[in-house]
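Please put together the full structure from these sequences, using the hints given.
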Amino acid sequence: MAETTAPRPRRVALFITCLVDFLFPRVGEATLEVLHHFGVEVDFPEAQTCCGQPAFNAGHRPQARTAALHFLAVFEDAEVVVAPSASCVAMVVEHYAPLFDDHPPTAQRFAALAAKTFELSQFLTEVLGVESIPGRWDGSVAWHHSCHGLRGLGIAEGPQTLLRSIEGLELRPLPGAEVCCGFGGLFSVKFPRLSTDMLQEKIDAFEASGAECLSATDGSCLMHIGGGLERQGSAKTAQHWVEILASAIAQVPPRQDLTRQDRPRLESD
Amino acid sequence: MDINTRDFPARARQALGDGALRRALATSNKSFRHSRDQAVAEIPEWQALRTYGQQAKKRAVDALPTALNAFRDRFTARGGQVHFAEDAADACARVRAILERHGARRIVKSKSMVTEEVRLNQDLENHGYEVIESDLGEYIVQLAEEAPSHILAPAIHKSRQDIAELLHRHLGTAPDADIPTMTRAARVALRQRFLDADVGISGGNFAVAETGTLVIVENEGNARLTTTLPKVHIALVGIEKVLPRRRDLAPLLRLLCRSATGQQLGSYISFIGGPRRSGESDGPEEVHVILLDGGRLDLWHDPKGREALHCIRCGACLNVCPVYERIGGHAYGWVYPGPIGSVITPRFVGLGEAKDLAHASSLCGRCDEVCPVKIPLHKLLLENRAQSVEQGHVDAGAGLVVGGFARLVGSPKLWRWALALARPLYRLLRRTPVTRWGALGAWQAGRTLPSLEGPSFRQRWRRRHARGGGR
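Protein sequences appear in the order of chains A and B.
In terms of our numbering, the first sequence is residues -3 to 265.
In terms of our numbering, the second sequence is residues 1292 to 1762.
Check before you lean on any hint, since a few could be wrong.
From chain A, some residues computed to sit far from chain B (all C-beta separations above 10 Å) [as the list claims (entries may be wrong)]:
#: 1; residue: E25
#: 2; residue: A93
#: 3; residue: T102
#: 4; residue: L124
#: 5; residue: P169
#: 6; residue: V175
#: 7; residue: S191
#: 8; residue: S205
#: 9; residue: A246
A few chain A residues facing chain B, derived, Cβ under 8 Å [to be verified]:
#: 10; residue: L19
#: 11; residue: G24
#: 12; residue: C46
#: 13; residue: N53
#: 14; residue: A63
#: 15; residue: H66
#: 16; residue: L68
#: 17; residue: R105
#: 18; residue: L109
#: 19; residue: K112
#: 20; residue: R160
#: 21; residue: F179
#: 22; residue: M219
These are computed hints drawn from the structure, not numbers from a lab.
Backbone N, C-alpha and C define an ideal beta-carbon position, used for all residues, glycine too.
Rendered as C-alpha cells:
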C-alpha cells in the first residue's frame, strides 16, 4: 500500500444507492466485504434515500434539492461517504453545490460533503492506497468505463489496476470502452430505440473482445448491458466490479482480527 | 430553415432506420474523429490551449456590448458598414435593402450557418433573386433541395454515390464519376457564377474589434472569391463572434482548425478589413457586416446559459456524439444539430418548441471533452431541461411522478414503505414482457429487466445486525 500522510479513515458511511439496494443487494454485500477486508468499518445510515439524480436529470430542480438536503442531513457528519456507483457519486460531487448557488452557506456545506464523498474504487485506490487485491478469480473481463466515472469523476485506471492484480483474472481490452452504453437514465426510456442501438454497439464490442464478463463501476450501465445480453440469449455476463473483488477476497483465509459479526455473509436467494 | 424541432422524436426514429444515412454518418464521423485526435495529439499543450480559448471567449462574450460597438467603430473607420439585425426578418430585410440599392439580381454565397438560420436563401428567392451556394457541400445540398446536416460538412449525410447521381442530373457528369471529376465539374459550373455575381454573401468566424477585421476560415477558396470578386460583399455574423483582442485570434484559430477538420490551419484564412481602397486593384467596393442577435442577447442575459455563446462552431461535439452519429443533422429539425444544437436551438426557437432536444443525450459528456473552448455542454443541456420544466413544458404524468418522488425522498419511513411496495409490483411487471405500459414497457423493448436478488440490501443489513445482536 502507498504511504499516505493523512490518517486512513477507519469508518465510512455507506451510501448504497437505489439500484444496489433494490436490484443488486449483492453488490452492497460485496462492498462491505471488500471494505472490511481492508480494515474499514462501515456504517449504513438507514435514513438514506435517493441522491435525486432522476429528478435532477429530468429538469426538476426543486425536487432534486429536496433529495440533496435530505442526503446532507443523513451524511454531513460522516467522516467519509462511499458508494458503489460513480453516477450517484457524480451527482453529489458535481451537481449538489451548484443547486444551491443562490445560498452560499448551503452551497459551502455541499462542497464540503463533495470533498469527502467517494466512489468505491476512488476510495480504495486514492484514499486507502490499495494497489492489489489478494485471492483469485478465474476468468476474463472486459472493462466498460461508465461515463460518469470516466468523464464525471476521472476514474480510469484505478479499478482496472485492482482487477488486473487478481490472480487468474485476465483483463481484455474492450474497443470503445469509453463510449456510452446508451443507458442515460431517462434517455433509455424517452428514446428507447436510440438507447438500444447504442447498447448494441457495446454488446458487439464486448462479444468481439472475447471476454466472458463485462464489468464496470455502475449498476445502471450493468443493468442496461446485462439486460441486453440476457434478451439476446448471450452466455456472457455483466457484473459489478466489486463483486469480482469480493469473490477473489473470499478465497483468502479469514483474518484473525475480524470478529464473526464484522464479517459479512452472503445471503442466498 | 423551417423549424421542425417539435417532430424530433419521430424524425430521430425515422433516421435511425435509414441504413444509407447510418453508413454515411458512421464513416464520416469516424474519419472526423480520427483527424481531430491526431491533430490534437501533435500539440502537447492542448489542454492549456483549451483553457486559453475558454478564457478568451469568456472575455469576449462577457464584454459583448462594448466589443460590438468597438467593432462597429473600427470597421466603419476602415470604410466598411456595420448593421445590427434583431431577428431573421430584420437580417433578410437588411440584405435586401443593400441588394436593391445596387440593383443586384445574382448572388453568390459562401458557407454560412447564420444565413441558414435566417432562411436567407428562401427569402431572397421569394423576392426573385438568383442565389447560388459556392461551397461544394452547400452546392450539393442546394442542388438536392435539402438543408445542411452538419455545421461544417453540409452534405455529410450523402454518400459518394448519392452525389454522383445528383451531379449527373444537374451537371451531366457520369453517373459513377469519381470525386476529382465531380469536384472539377462543380468548379467549372461555379466559376462563371462568381464572375457573374452582383453581390457575394458570406458568414464569418471571428470579427476582431481591435482591428476591425472580419476573419473567414475555409478550405475551398470559394469564400475568398465570394468576398473579393463581386462589387459588394455582405457578411452575416452572429454577435457572439466578436472578439475584442487581436492577440486572442491566433490561439482560437488553432483550436478551431484542429478541432474542426484536424488541420493545422484551414487552407484559406481571409482577413477582411473593409472595401477596396484607392490604389488597390481588387476587392469589393462595399463591405457590409450584419451582426445578428436572433435570440443571442436573451441567452447572454441568462448567466446560466451564456457559455453557449462561447461556441466557435467547429463541429467537434457533433462528431463524437453517439446520438448525432445515429440520426444525423436533419432529425434535429433546425439549423444547428448535435450537442451544441440541442443547447442553442431551444434558446433560439423557444424551449417549448424544442423541448425534446435537451433530452436527446445520454449525458455521456464526450462533447464536453472535445469542445475546444471547454463549453460544459452536458450541464447546459441539463439547464435547458430545468428551464423547460420551469416554463411548464412538462406533461401531467411526469409532474405527478416527480411530486411523489419529492414526498418520498425526504422521508426515510415513506421511502422504505414505497420500496417494499415496489417489490411485488416490480416482480409482476417483470413477468409481463408484453407490457407496453410506461417506462418499464419502453425498457423491455430491447432489454430484460433484472430479477430481484432476494431481499433488498436494507433488509439484509438489518438481519445481519439483528443476528449479530448489534442493534
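Right, here's what the structure says about each hint:
A cut-off of 10 Å between C-beta atoms contradicts the statement that A/E25 is not in contact with chain B; the least separation is 7 Å. Every C-beta of chain B lies more than 10 Å from that of A/A93, the closest at about 13 Å, which supports listing it as non-interface. No beta-carbon of chain B is positioned within 10 Å of the beta-carbon of A/T102; the least distance is around 16 Å. With a cut of 10 Å on Cβ distances, A/L124 stays outside the contact zone with chain B, its closest approach being about 22 Å.
For A/P169, the shortest C-beta to C-beta distance to chain B comes to about 17 Å, beyond the 10 Å cut-off, and the non-interface label holds. Interface exclusion of A/V175 from chain B breaks down, the closest Cβ pair being 6 Å apart, not more than 10 Å. Taking the minimum C-beta to C-beta distance to chain B, about 7 Å, the non-interface status of A/S191 is violated against the 10 Å cut. Distance check on A/S205: its Cβ is at least 19 Å (rounded) from any Cβ of chain B, clearing the 10 Å threshold; non-interface status holds.
At roughly 16 Å, the least C-beta separation between A/A246 and chain B is larger than 10 Å, which holds for a residue marked as non-interface. Taking 8 Å as the C-beta contact cut-off toward chain B, the hint placing A/L19 at the interface holds, the least distance being around 5 Å. Taking 8 Å as the C-beta contact cut-off toward chain B, the hint placing A/G24 at the interface holds, the least distance being around 4 Å. Nearest Cβ of chain B to the Cβ of A/C46: about 5 Å, under the 8 Å cut. The hint holds.
For the restraint placing A/N53 at the interface with chain B, the shortest Cβ-Cβ distance is roughly 7 Å, inside the 8 Å limit, so the hint holds. For A/A63, the suggested interface contact is upheld, since its CB lies about 4 Å from the closest CB of chain B, less than 8 Å. For A/H66, the shortest C-beta to C-beta distance to chain B is roughly 5 Å, which falls under 8 Å, so the interface hint holds. Evaluation of the A/L68 hint against chain B yields a violated restraint, the C-beta minimum of about 11 Å exceeding 8 Å.
For A/R105, the suggested interface contact is broken, since its CB lies about 17 Å from the closest CB of chain B, more than 8 Å. Given hint, A/L109 at the interface with chain B, is violated; its Cβ is 17 Å from that chain's nearest Cβ, farther than 8 Å. At about 22 Å, the closest approach between the beta carbon of A/K112 and any beta carbon in chain B exceeds 8 Å, and the interface hint on this residue is violated. Because the smallest distance between the Cβ of A/R160 and any Cβ of chain B comes to about 25 Å, over 8 Å, the interface hint for this residue is violated.
Given hint, A/F179 at the interface with chain B, holds; its Cβ is 7 Å from that chain's nearest Cβ, closer than 8 Å. Hint status for A/M219: holds, given a least beta-carbon distance of 6 Å to chain B, under 8 Å.
The structure fails to meet hints 1, 6, 7, 16, 17, 18, 19 and 20 from the earlier list, while all remaining hints are met.
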